[in-house]
Structure formats: structure tokens, C-alpha cells
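J.: Let the sequences and hints guide you as you build the complete structure.
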Amino acid sequence: DQLHVHDCATRPAVTVAADATVAHVRQWLESDARGTRHQAFPVLDRQERLVGVVTGREIREAPSTARRILDLVRREAIVIGEDNSLREAADVMAREDIGRLPVVAKGKPGILVGIITRSDLVGAHTRRLAEYRRTRLRPRR
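Count the sequence shown with our numbering and you get residues 5 to 145, in order.
Derived by calculation from the structure, the hints in this document are not laboratory data.
Treat each hint with caution, since some may be false.
[Said to hold, decoys possible] Below are the EDC-like pairs computed for lysine to aspartate or glutamate, each with C-alpha atoms no more than 16 Å apart in a straight line:
| no. | residue 1 | residue 2 |
| --- | --- | --- |
| 1 | 112 | 87 |
| 2 | 112 | 86 |
| 3 | 110 | 87 |
| 4 | 110 | 86 |
| 5 | 112 | 52 |
| 6 | 110 | 135 |
| 7 | 110 | 11 |
T.: Structure (C-alpha cells):
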């Protein structure tokens with residue numbers, strides 16, 4: 005029985021707007037409001053489409069020439085579909101050396117539905133092992 009990304013992804017993901025000013029988002033990060041402790045944030049355009057990912061570090065250390073969050077996006081986001089397996093998500097994270105993946109809707113690659121992290125993958129594996137032990141492995145008498 006295989007688990008899929010939609011089984012474990014965090015929904016909704018904490019996002020930032022592509023046209024938000026770096027100064028405004030930096031101020032939000034410093035506020036310690038809910039969601040500000042995440043290490044990275046999907047960036048959405050005005051049509052709510054995923055345009056990239058920025059890290060908190062990139063926002064905090066942004067050069068003065070960066071006016072908008074979109075200026076900090078260096079490449080297209082590496083994503084995973086909600087129907088992909090957790091194994092596929094782990095493979096992408098390992099191959100790309102990243103700790104989180106934006107999760108996109110089935111058949112709609114620009115539509116963000118959540119985010120999945122390495123911690124989510126480990127948590128899912130831990131729960132499956134515990135369930136296996138509980139139901140399959142019985143103590144000897």
C-alpha cells in the first residue's frame with residue numbers, strides 16, 4: 005500500500021506574493037507571525053500561479069536592488085504532483101538536494117495545493133513503521 009504526496013502534504017502552504025516588496029516580506033518575517041518560521045516560501049503571481057520559491061535567508065539577505073519578491077526567484081520551482089508517491093518525492097528531494105517541494109494539482113502544474121518537506125516524509129515513514137509493528141508483529145509468548 006503506497007502513500008502519496010496528497011496524503012502527507014501540508015495544506016495550505018504559507019506563500020508570499022511575487023509582487024510584494026522585499027521590505028514588506030522581511031518585516032513580516034521579523035514579526036514572528038504564524039508561518040514565519042518556515043525556511044522557504046512558494047511565490048505566487050497575481051493569478052495565484054506558482055512562479056518559484058524563495059528562502060527566508062534570501063529574503064533577509066536580499067540586495068538593495070531587489071525591490072519585489074519576484075526579483076529573488078532564481079529559477080523555476082521544482083515541484084511534485086499531489087498524486088506522486090512519497091518515494092518519488094524523496095527521490096526528487098535527494099536528486100535536487102532540497103528539503104521541500106511545492107505540491108501542485110493533478111494536471112495543473114502551476115496550481116499550488118500544498119508543500120511537502122523531508123520532515124513530512126520521515127513522519128509518514130515513522131507512522132507506517134509503527135502501524136506495521138502494531139498490526140503485523142506480535143510479541144512471542
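J.: Could you check the structure against the hints above and give me the numbers of any it violates, in ascending order?
T.: 6
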